[in-house]
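Respectively, the protein sequence lines represent chains A and B. Heads up, the first sequence is in this note's numbering, so the first residue is 1 and it goes up one at a time. Heads up, the second sequence is in this note's numbering, so the first residue is 1 and it goes up one at a time.
Fair warning: there could be bad hints in the mix.
Claimed, not checked - In silico lysine to aspartate or glutamate, DMTMM-like type, Cα no more than 20 Å apart, as pairs:
1. B:Lys25 x A:Glu486
2. B:Lys21 x A:Glu474
3. B:Lys21 x A:Glu109
4. B:Lys47 x A:Asp495
5. B:Lys47 x A:Asp491
6. B:Lys21 x A:Asp500
7. B:Lys25 x A:Glu242
8. B:Lys47 x A:Asp299
9. A:Lys253 x A:Asp299
10. B:Lys134 x B:Asp180
11. B:Lys25 x A:Asp299
12. B:Lys134 x B:Asp238
13. A:Lys166 x B:Glu394
14. B:Lys25 x A:Glu474
15. B:Lys25 x A:Glu109
16. B:Lys47 x A:Asp500
No wet-lab data here; the hints were simulated from the structure.
Next come the chains, spelled out residue by residue.
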Amino acid sequence: MTAPTLAPADDWAELQGAALLGTDRRPLPEARTPLAAAVDRADPAGALLDLAAVAAVRRRAGALPAPAVEPPAPAPDDPRPALPEAAARRLAVLLGTRSGQGTTANLAELLPQWLAAARAHGYRLPPAVVPALLDTARARSELRSDAVTLAGPLGRWLAPHNPDWKYVSRTAGEQDVLAQPGELLWQEGLFAERVTHLTRLRRTDPAAGLALLASTWSTERAEDRVLFLDSLQDGLSAADEEFLEAALSDRSKNVRATAAELLSTLPGSALATRMAERAGRAVRLDGDRLHVTPPAACDAAMQRDGIPVKSPTGRGERAWWFGEVVAGAPLDRWTAETGLTPEQLLALPTVDSPDGGGAEWAEDLREAWARAAVRQQDAVWARALLGTPPRPGRDTRAPGAPAKLLSVLPPAERASWTAAFVQTHGLGDAFQLLGACATPWTPPLSTAVVAALKRAAELGSYPWSHSGVLGMTERALAPETAPAVEALAADTAPDTAWSDTFTRLAGTLRFRQAMLAELE
Amino acid sequence: MEERWSTEHVLSLAPDPASLKAAGKLSGPAPWSGTGTGRGALWGLCKGSGSTPYRTAVELGTPAYKCSCPSRKFPCKHALGLLLLWAAGPAAVADGAAPPDWVEEWLDGRGRAAADKAAKQRAKSDADPEGARKRAARRASRVAGGARELRLRLADGVRRGLADPLPAGAWEEVAARMVDAQAGGLASRVRVLAEAPQDELLEEYAMLHLLAGAYDRVDTLPEALAATVRARVGFTTDTAELLAGPTVRDRWHVLGSRDTADDRLTTRRVWLRGAKTGRQALLLAFGRPGQAPDLALPTGRLLEADLAYHPGARPLRAVLGARYGSPDPAPAAAPAGLTPAGALAEYGAAVAEDPWLDGWPTVLADVVPVRTPDGWQLTDGTHSLPVRRGALPEPALWRLVAVSAGHPVTLFGECGHRGFAPVTAWDAEHRAVPLG
Chain A
1 MTAPTLAPAD DWAELQGAAL LGTDRRPLPE ARTPLAAAVD RADPAGALLD LAAVAAVRRR
61 AGALPAPAVE PPAPAPDDPR PALPEAAARR LAVLLGTRSG QGTTANLAEL LPQWLAAARA
121 HGYRLPPAVV PALLDTARAR SELRSDAVTL AGPLGRWLAP HNPDWKYVSR TAGEQDVLAQ
181 PGELLWQEGL FAERVTHLTR LRRTDPAAGL ALLASTWSTE RAEDRVLFLD SLQDGLSAAD
241 EEFLEAALSD RSKNVRATAA ELLSTLPGSA LATRMAERAG RAVRLDGDRL HVTPPAACDA
301 AMQRDGIPVK SPTGRGERAW WFGEVVAGAP LDRWTAETGL TPEQLLALPT VDSPDGGGAE
361 WAEDLREAWA RAAVRQQDAV WARALLGTPP RPGRDTRAPG APAKLLSVLP PAERASWTAA
421 FVQTHGLGDA FQLLGACATP WTPPLSTAVV AALKRAAELG SYPWSHSGVL GMTERALAPE
481 TAPAVEALAA DTAPDTAWSD TFTRLAGTLR FRQAMLAELE
Chain B
1 MEERWSTEHV LSLAPDPASL KAAGKLSGPA PWSGTGTGRG ALWGLCKGSG STPYRTAVEL
61 GTPAYKCSCP SRKFPCKHAL GLLLLWAAGP AAVADGAAPP DWVEEWLDGR GRAAADKAAK
121 QRAKSDADPE GARKRAARRA SRVAGGAREL RLRLADGVRR GLADPLPAGA WEEVAARMVD
181 AQAGGLASRV RVLAEAPQDE LLEEYAMLHL LAGAYDRVDT LPEALAATVR ARVGFTTDTA
241 ELLAGPTVRD RWHVLGSRDT ADDRLTTRRV WLRGAKTGRQ ALLLAFGRPG QAPDLALPTG
301 RLLEADLAYH PGARPLRAVL GARYGSPDPA PAAAPAGLTP AGALAEYGAA VAEDPWLDGW
361 PTVLADVVPV RTPDGWQLTD GTHSLPVRRG ALPEPALWRL VAVSAGHPVT LFGECGHRGF
421 APVTAWDAEH RAVPLG
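My request is simple: use the sequences and hints to build the entire structure.
Listed below in structure tokens is the structure:
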């Protein structure tokens, strides 16, 4: 028997021995208690069962508890306000904690939003849901940061007890910045833990982060050096320049290129100044034209500054070097040198010879400026480069990747540009642009998307050809749009794919609206 | 007006996961129109794929369901969706409306059917007392025959030795014979025996031998113990008959609820404790596969009602009679509880009256769940009780640990000779957390 400690030694072992071998081979044990002595021993098998019953009941009735075990130190208190009741029930539904309950696809889409919203409100979760949340975030790593923050002190207390939740200690929550012995983590941690630690440190104390990285730099593997270097993007300042300059002579090409890119975004860095000089030689204002003189060669100094000799795209080498030089130069120099605004500069034609040829350089120039605007996060240039959304029929696509340029703009501007784009172009090419917009979408953008969906339905296209955008709408459409989508669902012919699509979308929006309201 | 049910509670009614998923999609206002609640019922029209919407209604007291959809699931996804919508809050379904005609008709029809059934029942029991007595005597003699045969099989096993394994299916055959002998209780214990690990085998043999032997001389046993033996062998008592006898009215604290399912039946156990009498009670409800048991009481709430106990040496199982009002909207405080030592003593006292009890419903106060190399333990700093192996799935154990967070908690469950099987924990804010 496996159970609580029992009344002192009894005849159980003897009885069990006799029963296992059989009363045909074994004698019946002696009776040890008055009640056992009353058992009729005429039939040994029946008597053994009688004795065993007496002993079993005696053992059960007399069971004693085991000595105390040492409980763990309790979890630290969580001072955050408790999650409202309705929101707690919602979370249970989203996590599907009822045994056997599957979650529907759109609930899976809504969970990340719920977590982000609850995290923003700074709530403490009911303890009973924390294990299910940690299990869910184990499988869906994109939820981990929110999940770990929401799970709070309880989550970090639970995690070491369950091997499935190891990731918790490696996930940056909000409260535990620098709570861990960083030096040890840096020396002995796994790569992911080290990157997380360095990134966190750079956010609070960039100089300390740099010092930490420099302390082990020479012994890191090349592929790790590239990723560590990437984390310097947080809190990048002139204090990092010396280190990055040194990295320009690194053995690894990727490390050199990453260092050069970082330096080019650092205003006033020596590399940025060198690039500005090269760019100045390559593009000169000549009256109301821009005279382009692409570099004749990629010399050793240019190579050291991160410009590859060979074009990876197979473009002409001089055009390639030209693009790299302009993309690496600070954008401010153009307006400062010429006294023109970005819009004015973008409107100028290009020439490369006295006879007026070279108009094609304009496109290279715009592409390079677009790359610089993204790298340097320059909203003024990004705005100028995007211009107004392209009008139908005209194939004047914005330079670079418009979605990347959009990401440089403030959220409201991103949304209104995309709304205008969707109004004229529909949803066909809007996937990446919509993805660059902050969620939930602004009401004007949401309205534009719903109107575009309505047109798509009327034109008889299939919902699944818009499945990417539709998936996004479930996450991102403004809750205020729900009545409009419900109206669409009602207007669409019943039993069609579009009617199902709109009905589900409306349901998801209502669910999301209720879910967010509960968190207020 | 009925207290709005919690979402958890509605989810517990779902017959299977697929229904739950389907109901989730119908839990928003979009497909619904004409919804309302009043006269103890809830109704609405659900837009389906056809041109006519489905008429869905729920009678909240029993509860009972009606829907014009063709689904054979019970309750169907429409009924569940409507309940979820209602549970979500007052904005979704208006209170106090007058039911439309089709709901009125159904409710009236249900009332008439219940009255008819009660009348038939009375007529039946009065009709042929002599015949009923003969039938009962016939059955008693068949059961006695089965019990004697079982004792011989058990003695044979012990004579040969338990280390000598029986041919596969041998016990299944014995179980089938017990069913033939109308001794269902013996049959299910035989099936347990067939599954028992070697080191628990002698105990199972002995307790079954004790039961079969007790039935052999059931007429000589004290009345209460005789009732326990009959119930364990497989005799059932009619609910209406029980309710016609003495009942106990109390404010019952719903301590917990647990479903177990096999391929033939879903069994729901609901444990209660009387606030005034301190008596414990166990209600059982059954559902066929694809159908949730129709008994649903909210854990952690108080409910004023009459209970009628099944007779026995240690009365526990009961049936629910008249209910007075709805469960209290506010959760009750955590119930008072025992120490691990006190809990085992209480189980011991129960076993002394009904030796076949594997566990006794028990509230433990101020215990901390601790994971040890030998399994989970519940400790109060003085003693500890093991958590019965297999009593809870792994996620439920982690829920318990999270609720405790290393602090002492109040815990309800069954305390028995294999350890404690937790059912409900109360968190720091005194909320009942179902663990199963």
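Can the restraint linking B:Lys25 and A:Glu474 be considered satisfied, given a maximum Cα separation of 20 Å? holds, 14 Å
With a cut-off of 20 Å on the C-alpha distance, tell me whether B:Lys47 and A:Asp299 pass. violated, 73 Å
Agreement of B:Lys47 and A:Asp500 with the hint, judged by alpha carbon distance not exceeding 20 Å: holds, 12 Å
Can the restraint linking B:Lys47 and A:Asp495 be considered satisfied, given a maximum Cα separation of 20 Å? holds, 11 Å
Tell me if the straight-line CA distance from A:Lys166 to B:Glu394 falls inside 20 Å. Answer holds: A:Lys166 to B:Glu394 is near 17 Å, not above 20 Å.
Take a quick look at whether B:Lys134 and B:Asp238 sit within 20 Å of each other, Cα to Cα. holds, 18 Å
Hint check: B:Lys25 vs A:Asp299, CA-CA at most 20 Å. Holds or violated? Roughly 65 Å separates the two Cα atoms, so the pair is violated.
Between B:Lys25 and A:Glu486, is the straight-line Cα distance small enough, at 20 Å or below? holds, 15 Å
Just to be careful, I want the Cα atoms of B:Lys21 and A:Asp500 compared with a cutoff of 20 Å; is the pair within it? holds, 16 Å
Quickly compare the C-alpha distance for B:Lys21 and A:Glu474 to 20 Å and report which way the hint goes. holds, 18 Å
Does A:Asp299 lie within 20 Å of A:Lys253 when you go C-alpha to C-alpha? holds, 16 Å
Could you grab the alpha-carbon distance between B:Lys21 and A:Glu109 and see if it respects the 20 Å cut-off? holds, 15 Å
Hint violations for this structure: numbers 7, 8, 11, all remaining hints satisfied.
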